[in-house]
Amino acid sequence: MADSRAAALWGQVAAHAAGQGRKVSVADVCAVAVSSAQLAGGWVVAARGGDPDFVMCVTHPVSERLAELQLTLGEGPCHDVLASAAPVLAADLGDEEFARRWPGFAPAARQLGAGALFAFPLIVGAIRAGVLGLYRGSPGPLPGRQLGDLLILADAATVMLLGSVHGDAEDGDGAALDGQAPDLALHRAEIDQATGMLTVQLGVPAGEAFVRLRAYAYAQDRRLADVAGDIVSRRLRLPRDQNPGGGP
Amino acid sequence: MDTDLLSDTFVDLADTMVADFDVIDFLHVLTDRSVTLLAASAAGVMLADPRGELRVAAASSEEAGLLELFQLQNDQGPCLECFRTGRAVTATDLAGPAPRWPRFAEAATRAGFATVEALPMRLRDQVIGALNLFRADPGQFDPAELRIAQALADVATIGLLHERNVRRREAVSEQLQGALNSRVTIEQAKGKLAERLGIDMDRAFRMLRDYARNSNQHLTDVARDFVTAGTADFPPPARHQPNR
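Note that the protein sequences, when read in sequence, are chains A and B.
To convert, take the position in the first sequence, counting from 1, and add 691; that gives our numbering.
To convert, take the position in the second sequence, counting from 1, and add 26; that gives our numbering.
Just so you know, these hints were derived from the structure itself, not from any lab.
Keep in mind that a hint or two might mislead.
Claimed, not checked - Derived Cβ-Cβ restraints for the label pairs, each shown as a range:
1. B/D259 to A/S924: 20 to 28 Å
2. B/Q102 to A/D917: 41 to 49 Å
3. B/A177 to A/S829: 36 to 44 Å
4. A/P752 to B/R195: 28 to 36 Å
5. B/G122 to A/D917: 43 to 51 Å
6. B/G122 to A/G835: 31 to 39 Å
7. A/G785 to B/Q102: 55 to 63 Å
8. B/D236 to A/R713: 49 to 57 Å
9. A/R713 to B/R173: 36 to 44 Å
10. B/T111 to A/R801: 15 to 23 Å
11. B/R232 to A/Q802: 49 to 57 Å
12. A/G785 to B/T135: 54 to 62 Å
Unchecked claim - Residues of chain B clear of chain A, computed beta-carbon distances all greater than 12 Å:
13. A40
14. D41
15. P76
16. Q214
17. F252
18. A258
For each residue, glycine too, the CB sits at the ideal point set by N, CA and C.
Bound conformation, chain A alone (with noise of 0.2 Å):
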């Protein structure tokens, strides 16, 4: 069930793509996101060394002062999504909650006429990607159908970003997906598990050992969740010269 509903999704993300006449990139699952959840804006921050650290794509300009502010301010709940690696859903602003963690920010971003901030970590376990920001003019809760289309579009913002940080440059975010839908098979251990034994066996990041496994799912045609436990199982070791998207 989960599958298909990150199909109709990934769906959404091409088409928005192809509507603008470019490949996909982190800035139309931020499109789709504002969109499927019917909210006013979006952002996605990418993170270094778990902060948040420059501003990666915007829906508008309003987006963008709420995005730039937090920067500047260093407080807001794209930080405290990266340290606490959780959610922020705060459905309403004026909550006096909000007012006492960012007092800087919260007040500021009201005036900017924001009601409700969404943020959610582009995350996988240790591996800290950046942060997808989402506001509401109006205060009001995410329905739980929403909250799980956000999290799902999260995910695929986390794998392209990852992909362009650590892809084959010439292939940019592109690398881990060409064009077709990531495999979001996010939750079985053994891709976990899997990332974890390639940061040992590739001598690499765990962010790129995550790439690494997915770039090599894709050049094989496997399932990523396949290819995960024949590592797992030690039947499989990559190579440490393995090319990304490059044959065995």
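The hints should help you fit chain B onto chain A, whose structure is shown.
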């Protein structure tokens, strides 16, 4: 029912919860205790992910056959039914003819289990997951045991949501996602350690957990520091700022 064991268990769990604790480590203790206390063969806590999956947060054993049984319950089985209805669900005599969940029954039988019980983890009107108990012997858990099992499931819920105030409804979702990501971090750390030392995942988990306990750190923090460290040496070189 061994009442000494029962009181020890609740004293231990309460002791953990009044201090600062790691959610996944806590849920592991809870599944271990469920096995001992209820004469079960295995136990696990599954949490509902709004993405549309039930995901394992902790299990009494990392044995692959058991984890497969949890995974399978995304399609069918007592855990899914328990999650959907919010009620305790019993599956007895899994090896018998015409089982209710054929694929689940077959996998459970293959793994050596005859009885499975799923108990809801409820918070107000929400079901956030389920505690699963597996037994090798056929036959029902008795009513007194089931009351204890439900109490353990409730303790799991409280433990999971303990860290932050849950006055805001959204805080529950935030907390669940945080716990699920902790589990991912721990899996990554297990993989790195298992590869480094040439050991199995179960052993790697125990090493990480023991090191966290002995050095008074959260299991998730130890796992994250190890995964992000530039070296695969374990224990990792000291650079401990227990941040969260």
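Hints versus structure:
1. B/D259 to A/S924: 20 to 28 Å: holds, 25 Å
2. B/Q102 to A/D917: 41 to 49 Å: violated, 22 Å
3. B/A177 to A/S829: 36 to 44 Å: This hint holds: roughly 42 Å between Cβ atoms.
4. A/P752 to B/R195: 28 to 36 Å: holds, 31 Å
5. B/G122 to A/D917: 43 to 51 Å: violated, 33 Å
6. B/G122 to A/G835: 31 to 39 Å: With a Cβ separation near 37 Å, B/G122 and A/G835 satisfy 31 to 39 Å, so the hint holds.
7. A/G785 to B/Q102: 55 to 63 Å: violated, 44 Å
8. B/D236 to A/R713: 49 to 57 Å: Given a distance of about 51 Å, which is inside 49 to 57 Å, the answer is holds.
9. A/R713 to B/R173: 36 to 44 Å: Cβ of A/R713 to Cβ of B/R173: about 60 Å, so the range 36 to 44 Å is violated.
10. B/T111 to A/R801: 15 to 23 Å: violated, 41 Å
11. B/R232 to A/Q802: 49 to 57 Å: holds, 52 Å
12. A/G785 to B/T135: 54 to 62 Å: Since the Cβ atoms of A/G785 and B/T135 sit about 55 Å apart, the hinted range of 54 to 62 Å holds.
13. A40: holds, 25 Å
14. D41: Check passes; 25 Å lies beyond 12 Å.
15. P76: violated, 4 Å
16. Q214: Given that some Cβ of chain A is not farther than 12 Å from that of B/Q214, nearest at about 4 Å, it is violated.
17. F252: violated, 8 Å
18. A258: violated, 5 Å
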